[in-house]
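Assemble the whole structure, with the sequences as input and the hints as a guide.
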Amino acid sequence: MKQDALNKQIWLIETILQQDGITLKEIKEKWLKSYLNDEQKDFDRSTFNRYRNTIQDIFGISIICQNSKYYIDNKEDIQNNILKKWILNSFTISNFLQEWKPLYHRISLEDIPSGREYLRDIMEAMRQNRQISISYQRFQNDIEKHYVLAPYGVKIFKQRWYVVGFCSELKDIRIFGLDRILKLQRTTEKFKFPTDFNLELFFSSSFGVFTDKQIERVVLKTNEEKMKYLQSLPLHHSQKEIKTEDNYTFFEYFLRPTYDFRQEILSHGAEIEVLSPNWFREEIQQIVAEMHKFYS
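Numbering of the sequence shown is given in numbering that gives the first Met the number 0, commencing with residue 0 and proceeding in unit increments.
Hints may contain errors.
[Said to hold, decoys possible] Straight-line C-alpha distance at most 20 Å; calculated EDC-like pairs for lysine to aspartate or glutamate:
no., residue 1, residue 2
1, Lys7, Asp41
2, Lys157, Glu116
3, Lys242, Glu199
4, Lys227, Glu244
5, Lys24, Glu13
6, Lys29, Glu13
[As the list claims (entries may be wrong)] Label-pair distances were calculated between CB atoms; the ranges are:
no., residue 1, residue 2, range
7, Arg119, Ala4, 21 to 27 Å
8, Thr210, Arg119, 22 to 28 Å
9, Asp211, Ser61, 36 to 42 Å
10, Lys242, Tyr34, 44 to 50 Å
11, Tyr228, Arg119, 33 to 39 Å
It is worth saying that the hints were derived from the structure and are not from the lab.
Glycine included, C-beta positions come from ideal geometry on N, C-alpha and C.
Shown next as structure tokens:
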């Protein structure tokens with residue numbers, strides 16, 4: 000599909016999403032003002048219907064009509080489907096940057112430099128259900144190790160890409176950072192993708208990429224300013240506000256208190272206090288005490 004047509008379809012999705020019902024006439028009026036319509040062409044019904052069908056086929060997004068107004072039928076599905084939302088947001092940002100091209104020097108975006116050169120090979124191996132062979136070196140040492148992996152999926156976290164899959168040598172599902180891969184090769188060996196494996200479910204109880212802890216109830220105490228921050232951007236989908244007293248708010252989570260989660264808590268400094276579980280609170284205390292030595 001041509002990029003121009005794809006951009007217009009993303010524009011149509013966004014235009015309908017932003018309205019509580021919109022008529023074709025209103026869509027046409029907005030199209031006449033769009034930066035994508037540099038030729039000032041009309042958005043006729045046949046084009047609309049063609050894009051509507053393509054959007055359903057490619058993105059699985061249904062545009063329905065009720066009382067002459069158009070709506071996104073499965074808006075909640077878009078919000079709940081992380082991959083669909085990520086793809087849609089990526090294209091939307093691309094369109095946004097094209098629209099405001101003269102302001103490029105005033106827009107700063109995060110780069111994701113790690114391991115991009117391996118993504119295409121991994122995705123192709125996933126598509127063909129073929130194993131990959133990797134040479135891997137952890138940040139903690141200079142030892143190069145070799146693994147054969149059945150790639151189940153990929154995940155991005157904190158500007159780093161990770162591949163998740165069954166490792167033949169370790170006989171378990173493992174996670175490898177792409178920025179620690181020294182060499183990657185697709186093999187001719189095929190694997191059977193387990194039908195009961197769900198990547199989103201695999202990480203659902205984790206913050207980040209580590210899964211090496213048991214799921215526990217975690218309670219955090221925050222000040223008023225941080226409370227608003229967490230309300231607008233929850234740390235985890237299990238986040239629940241349980242009470243507010245004396246200008247402090249208490250949040251409850253059910254997750255794995257892993258290294259990634261610990262680092263996130265520490266990044267908020269004195270604005271977040273861990274109340275439970277006790278072992279996790281003591282772990283944070285110990286790290287804070289070590290840090291205090293550096294500055295005392």
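A quick look at each hint next to the structure:
no.: 1; hint: Lys7 x Asp41; verdict: holds (13 Å)
no.: 2; hint: Lys157 x Glu116; verdict: holds (18 Å)
no.: 3; hint: Lys242 x Glu199; verdict: violated (29 Å)
no.: 4; hint: Lys227 x Glu244; verdict: holds (15 Å)
no.: 5; hint: Lys24 x Glu13; verdict: holds (16 Å)
no.: 6; hint: Lys29 x Glu13; verdict: holds (12 Å)
no.: 7; hint: Arg119 x Ala4: 21 to 27 Å; verdict: holds (23 Å)
no.: 8; hint: Thr210 x Arg119: 22 to 28 Å; verdict: holds (26 Å)
no.: 9; hint: Asp211 x Ser61: 36 to 42 Å; verdict: holds (40 Å)
no.: 10; hint: Lys242 x Tyr34: 44 to 50 Å; verdict: holds (48 Å)
no.: 11; hint: Tyr228 x Arg119: 33 to 39 Å; verdict: holds (37 Å)
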